[in-house]
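In this note's numbering, the protein residues as written are 219 to 401.
Simulated from the structure, these hints should not be mistaken for lab results.
Model, not experiment: these values are computed from the prediction.
Please note that a few of the clues may not be correct.
[As the list claims (entries may be wrong)] Okay, derived cross-link-like pairs now, DSSO-like style, lysine-lysine, Cα gap no bigger than 27 Å in a straight line:
(1) K306 - K244
(2) K328 - K366
(3) K306 - K254
(4) K254 - K221
(5) K306 - K221
(6) K221 - K244
(7) K366 - K376
(8) K377 - K366
(9) K244 - K254
(10) K328 - K385
(11) K366 - K385
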Amino acid sequence: MEKDFFRGFRIAFSRKMSVSRMELQKALNAMEYAEKSIMLSTVLCIVFPLVDVFYHIPDTIAIGPVFAVMSLYLLYPAVLLLVLLPVKGRLEQMVVSYMEEPEDSGEERKEAEGQRLYFALRALGLTDRETEVARLAASGMSNVEIGKELYISTATVKKHMTHILEKMQCADREALAERVRGM
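Given the sequences, and given the hints that come with them, work out the whole structure.
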């Protein structure tokens, strides 16, 4: 939490720092927790001297020093809030500007989908080449088209398809395509 708090100051005051939404949200949450703790400490700083005043009501001489101490106790949280609130406001502004940014382009989304599919197929035990063949076969390409795309013979494509169907426990290309689409 402390790391996020101090990172929030760094994010708020640096101009060229790129941060993710999650990091920005963590920093903002840390600032909000700090603000709440300052407010709680302010309440406690008011309550304890007031209890002391009521305890010493017969000694009217003690009331003046108690109020003086109480005003000093209020000065510390006020200064902290004066420092913290602009930083929190700037972080909130950054979160809002993040929300207004356009979403990923279609090309970036397609690339991320391809990577996700690659790692899912690799997790099933397929080799790199088998992963490429499986992806192309699932997209509806024939063995000849896959061979031309990957610069391998049709016999090699057939051998890879045999291994792929075994490893993925699919009966045919349609089942393979359905399973790949479900990933």
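Hint numbers contradicted by this structure: Nothing - there is no hint that the structure violates, so all of them hold.
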